[in-house]
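K.L.:
Listed here are the chains, written in short residue letters.
6 protein chains.
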Amino acid sequence: MTVPLPDSKRKLAAAVPSPLPPLLYEETVRRALVEDLGRAGDLTTDAVIPVEAAGYARVVARADGRVAGLPVAAAAFWLLEPSLQVELRSVDGMDAGAGETLASVRGPLRAILTAERVALNFLGHLSGVATTTRGIVRAVEGAGVDGVRIVCTRKTTPGLRALEKHAVRCGGGANHRFGLDDAILIKDNHRAVAGGVRPAVERARAYAGHLVKVELEVDSLEELEEGLAAGVDAVLLDNMSPADLRQAVEMCRGRAVTEASGGITPETAPEVAATGVDLISVGWITHSAPSLDVALDVG
Amino acid sequence: MTVPLPDSKRKLAAAVPSPLPPLLYEETVRRALVEDLGRAGDLTTDAVIPVEAAGYARVVARADGRVAGLPVAAAAFWLLEPSLQVELRSVDGMDAGAGETLASVRGPLRAILTAERVALNFLGHLSGVATTTRGIVRAVEGAGVDGVRIVCTRKTTPGLRALEKHAVRCGGGANHRFGLDDAILIKDNHRAVAGGVRPAVERARAYAGHLVKVELEVDSLEELEEGLAAGVDAVLLDNMSPADLRQAVEMCRGRAVTEASGGITPETAPEVAATGVDLISVGWITHSAPSLDVALDVG
Amino acid sequence: MTVPLPDSKRKLAAAVPSPLPPLLYEETVRRALVEDLGRAGDLTTDAVIPVEAAGYARVVARADGRVAGLPVAAAAFWLLEPSLQVELRSVDGMDAGAGETLASVRGPLRAILTAERVALNFLGHLSGVATTTRGIVRAVEGAGVDGVRIVCTRKTTPGLRALEKHAVRCGGGANHRFGLDDAILIKDNHRAVAGGVRPAVERARAYAGHLVKVELEVDSLEELEEGLAAGVDAVLLDNMSPADLRQAVEMCRGRAVTEASGGITPETAPEVAATGVDLISVGWITHSAPSLDVALDVG
Amino acid sequence: MTVPLPDSKRKLAAAVPSPLPPLLYEETVRRALVEDLGRAGDLTTDAVIPVEAAGYARVVARADGRVAGLPVAAAAFWLLEPSLQVELRSVDGMDAGAGETLASVRGPLRAILTAERVALNFLGHLSGVATTTRGIVRAVEGAGVDGVRIVCTRKTTPGLRALEKHAVRCGGGANHRFGLDDAILIKDNHRAVAGGVRPAVERARAYAGHLVKVELEVDSLEELEEGLAAGVDAVLLDNMSPADLRQAVEMCRGRAVTEASGGITPETAPEVAATGVDLISVGWITHSAPSLDVALDVG
Amino acid sequence: MTVPLPDSKRKLAAAVPSPLPPLLYEETVRRALVEDLGRAGDLTTDAVIPVEAAGYARVVARADGRVAGLPVAAAAFWLLEPSLQVELRSVDGMDAGAGETLASVRGPLRAILTAERVALNFLGHLSGVATTTRGIVRAVEGAGVDGVRIVCTRKTTPGLRALEKHAVRCGGGANHRFGLDDAILIKDNHRAVAGGVRPAVERARAYAGHLVKVELEVDSLEELEEGLAAGVDAVLLDNMSPADLRQAVEMCRGRAVTEASGGITPETAPEVAATGVDLISVGWITHSAPSLDVALDVG
Amino acid sequence: MTVPLPDSKRKLAAAVPSPLPPLLYEETVRRALVEDLGRAGDLTTDAVIPVEAAGYARVVARADGRVAGLPVAAAAFWLLEPSLQVELRSVDGMDAGAGETLASVRGPLRAILTAERVALNFLGHLSGVATTTRGIVRAVEGAGVDGVRIVCTRKTTPGLRALEKHAVRCGGGANHRFGLDDAILIKDNHRAVAGGVRPAVERARAYAGHLVKVELEVDSLEELEEGLAAGVDAVLLDNMSPADLRQAVEMCRGRAVTEASGGITPETAPEVAATGVDLISVGWITHSAPSLDVALDVG
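Protein chains in written order, with my numbering: chain A, 19 to 317; chain B, 19 to 317; chain C, 19 to 317; chain D, 19 to 317; chain E, 19 to 317; chain F, 19 to 317.
Do not rely on the hints blindly, as some may be mistaken.
The list makes no distinction among identical chains, and a pair is therefore deemed to hold if it is satisfied within one copy or across any two copies.
As the list claims (entries may be wrong) - With a Cα cut of at most 25 Å, we get these calculated DMTMM-like pairs of lysine to aspartate or glutamate:
id, residue 1, residue 2
1, Lys-173, Glu-289
2, Lys-205, Glu-244
3, Lys-205, Asp-296
4, Lys-173, Glu-45
5, Lys-205, Glu-45
6, Lys-173, Glu-44
7, Lys-173, Asp-251
8, Lys-205, Glu-118
9, Lys-173, Glu-99
10, Lys-173, Glu-105
11, Lys-205, Glu-243
The set of hints was computed from the structure by calculation and includes no laboratory data.
My request is simple: use the sequences and hints to build the entire structure.
P.N.:
Pasting the structure below:
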């Protein structure tokens with residue numbers, strides 16, 4: 019139902035994130051369509067558009083940004099009406115200029131117009147996440163800092179985690195944990211209840227499987243030293259000054275991966291990156307990213 | 019499982035939006051919990067927090083804002099662990115200052131820490147929508163314009179429409195259509211395929227049930243006149259200048275409800291409101307609202 | 019999987035109700051198939067019919083009636099076995115005579131026989147609703163009364179509302195509310211708790227979005243006057259005598275849509291219609307319609 | 019959440035059908051509530067009824083009939099709002115007179131009014147099936163014919179089979195197969211494809227598990243003889259005259275259970291019953307039973 | 019998506035159990051895929067295998083056994099990626115030698131490797147059940163005992179009953195009840211609460227529909243006699259000695275089907291079978307069958 | 019609904035695995051109950067056991083083993099009937115002797131008998147996995163080898179992965195990956211397609227998040243050296259001789275975790291463990307574990 023990308027674009031696509039298996043989002047798209055259709059379906063289209071009208075429409079970026087969620091948007095069309103022909107003109111992870119056509123759809127006009135909003139809601143939201151991620155990634159690159167990775171958090175929109183994590187990758191970022199079960203991250207509350215850094219890390223190490231890493235959130239260099247001594251794989255350096263970060267990076271060299279976190283913005287990111295941390299984690303690229311403006315042009 | 023609000027706050031609550039029936043969001047919350055728990059559950063908490071540890075935590079606003087989604091956040095706690103006692107200290111639709119406690123939770127610490135992120139993700143997202151809505155509502159009120167309503171659109175996050183529409187009401191806004199099936203809204207694409215305003219509106223009128231209203235999107239005063247003649251209930255005045263809006267309002271008086279739309283911001287809203295339109299619709303209060311900063315403090 | 023209708027019938031179909039998007043009923047059909055298959059599947063067919071037997075069967079009306087649910091019945095076949103070729107010979111909303119073939123199915127006989135009952139249960143039930151609706155519609159038309167619409171209520175079979183509302187349209191009727199959320203209908207109980215017609219209507223008006231209409235149920239002309247004064251869009255005139263209905267219609271002219279309700283039958287409908295009301299609402303066309311007799315003939 | 023029946027009624031209840039485990043219908047009720055609530059919930063009630071209003075309502079029969087579905091209706095109330103106190107005043111399988119209170123509900127008025135229609139739709143539909151069943155059961159009993167059982171078929175409303183089969187038991191009837199997988203019933207189409215009665219029955223016998231019975235549909239006494247010779251457990255005597263039925267009963271004595279079927283009505287049932295058949299099966303008690311009139315009285 | 023079997027094998031297949039309708043297991047397979055994919059999908063494959071790599075793989079038996087679940091395994095491939103071409107080389111119910119290719123898959127390598135484990139888990143588990151069943155079936159046949167059937171019980175893996183019952187048929191066994199609702203089986207606990215064999219059987223007979231058989235579990239010949247007198251269709255002879263079994267068979271001749279049960283193994287089965295019982299039921303062929311070793315060979 | 023364990027046992031419980039959040043298995047239990055109830059529910063119990071009969075039953079181990087799944091079994095009782103009082107007498111992860119009572123249930127006898135089989139199926143299956151795991155864990159401990167961990171694989175029963183992984187922990191084992199998404203494990207097929215160990219590992223490292231570990235399967239010491247050079251976190255040493263394992267352990271010291279795999283049994287495990295590997299992985303503890311014999315004693 020989806021026409022594959024021309025070869026020229028496919029090559030570019032090799033540099034972009036792996037596509038998600040549709041099995042991971044089809045149910046989400048189906049639910050979104052039903053959410054919009056309600057019980058009675060699309061009253062306007064059913065009233066106004068003749069059942070036999072067929073046509074052609076383009077999904078267009080109205081602003082410059084980074085594309086994410088194109089196959090998800092395509093799924094909105096063909097899950098509603100399998101006879102719709104969706105042709106992708108871009109690929110998740112590529113940049114798009116204002117006015118650029120990202121995909122085209124051909125077939126019954128009723129179905130095109132009925133699926134439009136759901137398709138655009140996914141595409142706009144996910145491209146918004148990707149574009150916002152691209153912003154801070156570029157800020158760091160623009161400052162000439164190499165090797166630091168921008169990572170997202172678990173502060174995602176309920177129900178859309180896998181898709182938003184994918185969008186972060188499309189924006190040039192990387193992913194932190196996908197959930198509570200794929201790594202250990204000891205935060206203040208855990209530490210406090212456990213009675214300190216050492217017992218917390220020891221319990222974590224004893225509990226973790228051999229492929230599970232342990233990260234520790236620390237507020238000070240003292241805690242950091244304690245954590246390193248206890249043998250953590252990574253440390254989350256929370257709200258530290260650039261000076262402290264620099265020293266922390268020194269302390270961790272060869273011992274643990276370093277992640278700076280806490281209110282970092284595109285403006286402050288270059289300075290943080292310059293401290294030598296491996297990762298900068300930011301929640302707002304998923305929970306507060308403005309949508310990218312995308313639209314459907316018929317005819 | 020949720021302790022009711024003290025009477026003093028209940029009175030205030032009478033002025034705020036109707037609570038949603040839990041049946042409308044419990045499944046969404048359950049799915050979000052499973053999304054975070056994955057298959058193995060909360061490795062960190064299971065490793066570090068003793069199973070018998072019990073305690074107390076507060077859900078706190080870290081910034082000034084408008085509350086929305088408090089019962090949804092509460093559901094995250096008690097759906098994970100029915101023995102958790104959640105006490106609401108605020109009500110959806112009320113303002114909260116930075117540092118204010120919005121709810122408290124008492125019971126097994128493991129469950130509190132495991133449900134934390136899902137609870138905060140809902141509360142932060144929905145309060146973000148409410149706070150953003152409050153912003154433009156206040157901008158208009160601050161300009162001394164009375165009687166205009168700020169309304170949201172169908173540009174919502176997939177899967178969260180009912181909750182985001184509720185959050186808009188919490189912010190002082192009102193709701194446009196909930197989906198494709200509860201009213202007719204004829205847009206350009208419909209008009210174009212139908213062959214003009216008149217045939218589109220006529221078909222819509224003939225199709226609509228006696229409780230279904232018909233709204234027409236128009237780009238010019240000519241189209242507006244044509245639509246009014248055809249008998250629409252409401253008109254969406256798309257991207258019109260204040261002067262045109264003013265004239266449109268004149269033309270519609272006693273004939274149709276007027277809705278201004280298209281790139282309106284808190285800055286431009288007062289001027290638009292001053293034209294006398296009944297409604298200002300904005301998509302960004304749902305699709306681009308930054309999350310409100312909320313946190314969980316243990317102990 | 020479903021062969022489209024020949025052009026000759028398609029033209030007729032233009033006059034019939036919009037087809038429902040399959041997304042709105044496929045899950046319901048799938049659940050009905052599983053309800054019939056149980057855990058072990060079709061013991062009889064598996065025992066008696068060779069796995070390789072292929073054949074042809076016709077879905078036939080055994081009585082005169084109005085067709086509704088044909089694509090739903092078709093879905094029962096192809097959801098069970100995608101290789102089945104279903105050819106529709108009629109269209110939802112058309113009349114069928116006893117003995118008329120409504121659809122044909124070709125392919126593995128096991129699948130045809132296994133899906134038979136579910137397909138017929140949907141088709142018989144929905145065509146029963148359509149045929150019953152047609153009955154009262156014709157009674158009114160036969161009496162020479164023009165312009166009155168027969169509408170259904172929310173008294174539908176749990177789980178089948180969208181389908182039964184569609185069947186009512188197939189029968190020539192129109193739809194009232196689809197649920198509690200697409201319009202306001204103030205009934206006696208609401209009025210009583212609110213403390214009268216005026217406060218009830220005022221609260222409703224204040225609460226309703228700009229595309230939401232307000233209807234009021236009244237038992238007397240006094241209440242009607244009070245409701246009209248308060249500005250309702252429509253009135254449900256409950257169990258009124260023809261004389262009162264006539265006067266009510268007079269009072270409502272240009273002010274509100276009028277709906278007669280309460281124990282109206284095909285016998286009394288013409289007299290009610292003659293009073294000039296806009297709508298006659300009847301619950302029994304959905305909750306008490308006898309099934310239309312349909313069958314599957316093999317070979 | 020449901021208050022148990024007083025002892026006096028409980029004794030009567032001992033004579034009535036086993037209650038269904040709620041697990042078998044709760045999901046169906048939940049889905050029906052969501053079907054009615056849509057996305058926005060009950061606009062009318064939210065607008066008009068104060069959130070703190072509490073009250074009392076009675077579920078009342080408006081006509082004489084046989085009760086079925088009372089716990090299902092109760093579930094509609096407490097699944098929407100667990101704090102509602104539902105008190106059953108009758109029991110599934112008992113008769114009710116017009117005006118009789120079947121249950122009462124106490125608690126938040128909003129929840130009572132919002133759940134009302136779903137509760138009544140279940141109760142009215144299922145009691146309609148029970149009442150219709152009672153009609154034909156009584157017709158046969160009234161004619162002084164003993165020992166014949168009225169049984170239903172698989173011609174049930176999609177999604178409601180278990181509930182409708184229960185309603186038939188409430189009406190004094192018995193159940194035929196619940197689905198395709200709990201017994202073998204060889205019909206004409208099977209017989210035709212298999213090449214006759216003998217091969218069909220032989221394959222069925224060979225295929226059937228030791229707890230699976232085999233029934234054969236026959237149109238003539240010749241086929242009946244062939245079936246009996248092949249060793250069927252039961253025979254469905256389709257559309258036979260009373261004379262043929264009488265002879266069939268003779269032939270089957272001590273060899274197979276006899277079931278008369280095909281267009282039997284309350285009027286013709288006594289004559290059919292008098293032939294001595296064990297069972298009379300009728301599809302219309304499930305697929306064409308008019309709803310029983312039930313209502314909710316507040317206050 | 020699945021290429022049909024060549025004719026040569028199809029003929030053999032005629033002797034094997036009926037295939038299950040995919041509707042009965044597709045949801046189970048989809049859930050298993052999601053269980054394995056989690057939120058992030060197949061990290062290894064996405065990291066290491068180029069998106070455009072296509073190839074060919076064979077599903078191979080690593081040990082001698084009886085095949086069951088081949089279409090289920092195939093579904094794991096095409097539900098993940100509809101473009102995968104799965105070619106079945108064997109049929110459920112046939113024997114396979116170590117090294118034999120059971121199916122081949124051609125298409126995108128990523129999808130093949132991602133679906134591999136789920137496909138093999140189904141195939142290995144179900145073929146394990148079939149092979150274990152075959153073992154005891156052969157033990158009895160090898161001892162020259164004819165006509166006794168090996169049947170499974172309700173001791174199945176939660177969620178997989180229909181599939182495991184199918185696997186038992188593939189192994190040459192037969193099925194006992196599929197669940198609590200398709201026959202009556204009175205066990206000790208029922209008997210004890212009912213106050214003896216007679217009242218228990220009488221209540222069961224009165225309750226059972228005309229196509230529902232009644233089986234009674236007995237521990238002694240006295241109970242057996244009592245049960246036969248009360249008119250049961252079948253008896254489960256629990257943990258009886260061969261001598262008692264032999265006498266029980268004598269007593270039941272022409273009156274009831276006999277089923278031996280209780281700790282029977284392939285070693286003791288021939289002796290039990292020699293007593294003349296109709297059925298030997300064993301729970302361990304479903305709940306304790308070791309998996310058959312199957313693997314996927316790429317290239 | 020479940021009575022908590024007495025304090026004496028609770029202390030022991032502190033040494034056992036974390037309980038799973040019920041949210042992770044309740045839906046699975048509900049589905050298993052429906053799978054057993056079918057459409058008509060428990061015919062036997064409904065026929066034979068009076069609706070008012072209440073009683074008491076014990077869940078008893080019939081053989082010596084390791085308990086797992088007790089809260090899951092308890093859920094089967096209270097999900098069917100919330101008024102059932104389940105009292106746990108043991109804890110997941112503890113040993114049980116033949117005849118030991120693991121839990122008791124008090125309440126309506128119908129519900130107890132109806133839920134019995136589902137409760138026992140979960141408990142027997144999961145305790146079987148735990149007991150089998152305990153067997154190989156003890157074999158290694160008995161041989162005086164310390165510090166090696168027995169781990170399971172992804173060869174689990176479809177739909178039960180989280181529960182079986184928990185059962186492995188109850189048996190004293192540890193868990194490998196929960197799915198395809200929580201760590202990278204490069205197998206032969208990946209290596210072959212990637213063109214060797216080095217490119218495969220390099221791509222994996224580049225792709226992996228900072229909390230994702232990379233494990234490599236190797237067949238020879240050459241591959242091992244190549245993998246270590248490329249910087250893997252762990253190695254799966256497939257089917258190596260004890261001598262090779264010993265050398266591999268030497269090579270990996272301080273560089274990577276070592277996992278021996280491939281046909282290891284309780285008999286061969288001690289010798290493998292003696293080589294100094296960190297982990298021994300075995301698939302059969304999940305896919306081929308015989309069920310533990312558990313039963314329900316009433317009265």
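K.L.:
Indicate, hint by hint, whether the structure satisfies it.
P.N.:
Consistency of the hints with the structure:
no. : hint                 : verdict
1   : Lys-173 with Glu-289 : within (24 Å within a copy, 36 Å between copies)
2   : Lys-205 with Glu-244 : within (14 Å within a copy, 37 Å between copies)
3   : Lys-205 with Asp-296 : within (19 Å within a copy, 29 Å between copies)
4   : Lys-173 with Glu-45  : both (22 Å within a copy, 20 Å between copies)
5   : Lys-205 with Glu-45  : neither (33 Å within a copy, 29 Å between copies)
6   : Lys-173 with Glu-44  : both (22 Å within a copy, 20 Å between copies)
7   : Lys-173 with Asp-251 : within (22 Å within a copy, 29 Å between copies)
8   : Lys-205 with Glu-118 : between (44 Å within a copy, 22 Å between copies)
9   : Lys-173 with Glu-99  : between (34 Å within a copy, 21 Å between copies)
10  : Lys-173 with Glu-105 : between (33 Å within a copy, 24 Å between copies)
11  : Lys-205 with Glu-243 : within (16 Å within a copy, 37 Å between copies)
Of the numbered hints given earlier, the model fails hint 5 alone.
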